[in-house]
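K.L.:
Produce the entire structure from the sequences given, and follow the hints as far as they go.
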Amino acid sequence: MRPLFITASTIASAVGRGGAETLDALRARRGGLRPCDFAGVTGGHIGRVDGLEAHELPAELAHFDCRNNRLADLALRTDSFADRVQTAREIYGPTRIAVVVGTSTSGIHASEEAYRARDPRTGALPEAFDYAHTHDLFSLARFVRDALGLRGPTMTISTACASSARSFVDAHHLIASGVCDAAVVGGADSLCRMTLHGFAALDLISPVPCRPCDAERAGISIGEAAGFMLLEREGDGPALLGYGTTSDGHHMSAPHPEAAGAIGAMRQALERAALTPRDIDYVNLHGTGTRANDAMEDLAVAEVFGTDTPCSSVKAWTGHALGAAGIVEAGIAALCIRYGFMPGCLNVGAVDPSFRARVLVGNEDRPVRRVISNSFGFGGANCSLILGAA
Amino acid sequence: MRVYVLGASIWGPGLEGWEASRAVLTGFADHVPRTSPPLAPAMLSATERRRTSLVVRLALNVAQAASAMAGFPSDRMRNVFATSNGDGAVVGAILEALSGGDGQVSPTQFHNSVHNAASGYWTIANRTRQPATCLGCGDVTMGTSLLKAITEVEVEREPLLLCVYDAPMPSPLAAKRPTQGAFAAGFVLASKDNGMALAHLEAAYVAQPVPDGTGEPDTQGLRELSRANPAARSLRLLQALARGKADRFPVALLDGHLDVEVEPCSGGHG
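Protein chains in written order, with our numbering: chain A, 1 to 390; chain B, 1 to 270.
Any given hint could be a false lead.
Label-pair distances were calculated between CB atoms; the ranges are [said to hold, decoys possible]:
| id | chain 1 | residue 1 | chain 2 | residue 2 | range |
| --- | --- | --- | --- | --- | --- |
| 1 | B | Lys192 | A | Arg116 | 48 to 56 Å |
| 2 | B | Lys192 | A | Thr276 | 27 to 35 Å |
| 3 | B | Gln208 | A | Asp37 | 43 to 51 Å |
| 4 | A | Asp37 | B | Arg76 | 48 to 56 Å |
| 5 | A | Ala292 | B | Gly101 | 25 to 33 Å |
| 6 | B | Lys192 | A | Gly306 | 50 to 58 Å |
| 7 | A | Pro207 | B | Ala207 | 50 to 58 Å |
| 8 | B | Ala46 | A | Asp37 | 48 to 56 Å |
| 9 | B | Arg50 | A | Ala390 | 46 to 54 Å |
| 10 | B | Gly101 | A | Arg233 | 19 to 27 Å |
| 11 | A | Arg116 | B | Gly17 | 51 to 59 Å |
The set of hints was computed from the structure by calculation and includes no laboratory data.
Built from N, CA and C at the ideal position, the CB exists for glycine as well.
P.N.:
This is how it looks when you write it as structure tokens:
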């Protein structure tokens, strides 16, 4: 594929706001997880973004107010992202820039609160509750469009934990077909009762801060995060070089036992980028910290890249940001390339002895030209992105 | 951008499959809405069939019918699934559980709550590794997913199944997001005619918005349905395909629209 340059980038997660804070946390190996203190839910740890409760949306966007859009707004106002998009808007015009963003639960926390405030007599939701601008999936894309003043094709993608990774692919289709010249991709997912209780019901919440790839790993820690990138045909710095998308076609929530979907996604990404496995310097794992995911992914990485290519997961820093995981990790991959380092897995005592891939447990400083980043979601949705110098 | 429509399908209130709906789509018969629950898909295992909700059955029904008409094995098609409301029954039940009692959520309901549940079940049922994306774009879900699907065919040059579906929300969400009927449509799109094409579409993205009410079906009953269910905004395209006549209409996006020209193909299904 023709590379798509990342001409602006922003992330906000539990480890910090923006590239500099994120880089600092990764270098200092300072994770962002804390015991769960969200909405009265107890058990496990979470990656919570501070300051959202007090964050106010601009007055003209106040009707979008909910935790998820506040988090998106925080990211848009970081690292001069909105300013960079403004410049692109002046070059291309607002109708030539698409908004393609991913989320798994959008502003569902607003519905959770509204259900608790129902009229005891009629059961009706509060009159002030605005479903379309909060809980509805399209709320996120419409919010980003309005916040950035864009008028190109606008869509919300929701393929569970592969959502924001998949947004790169859907944006590529719009740009490569000539429908638009640039796209804002990424997404946001914020803490809510549904995912905290839902993953607990599946027995997938780690009692201690998650430790991907550890022999004793026992599940995920949920995080919240938002991130966005501006993709253009021309530019410098890291670019999207390739992508692979597959389905497992196996089970709604359990990974494929032979990792067929994950292997297929990584191989497709290499093929589209016209690269060989040796061209990849670092594999950013989906690495959630569940027994099943990490074992499956080790199998897949060893199959595609052998046992020498360094790989790690950053989920013990940020928590698993679900639909936003792909954009957060693309942002971190871009930092790895720009600053020449690889973050080793955090919280690992001993790497699972059955693993064959080369799992990093400490940071390594050295040039990183190309990174492949994996995202896998419920429903068997897999997406691998290759970022690197074009 | 040009794509060939190799298969099409429909399921909705009083619109129980392509053949049964042709007279209504072409305008020879009036639309008589009635409750038309789709059957449980036979392609799923017994366990999975028990787990599937109305919304998943709805989506799988049209996905299966469109690929059968196209004569295309499902493992050769990429997938775009699109729904505004997703599985309201599942999400509503979880919200009920979270707001009262012990807050416990059913694990099966939780994994069925993802917006891509139907595409997940579709790929599982067909044991296919073909990719699937899933969109949620409110009232413009049909136009946006058609644009998405056509650009994917244009770039990837591989056949693709587009499946749009929406069903009413449960109470109390229904009052905030009114939706009528359970409606779904499926389209198999490809960059080449396999000899089975019903029509080809010339589609162009146009930045200018279109006024409400343009691009609607031309019969009263279907027009009402298309206003009441986001997936039913596909009815104008379905009408053109059923009639086998040329047509041109806008399909609304959030901003701008997709200008769609339908040209029937001689190798069609009659």
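K.L.:
Going through the earlier hints one by one, which of them does the structure break, listed in rising order?
P.N.:
Going through the list in order, the structure violates hints 6, 8, 10, 11 and respects the others.
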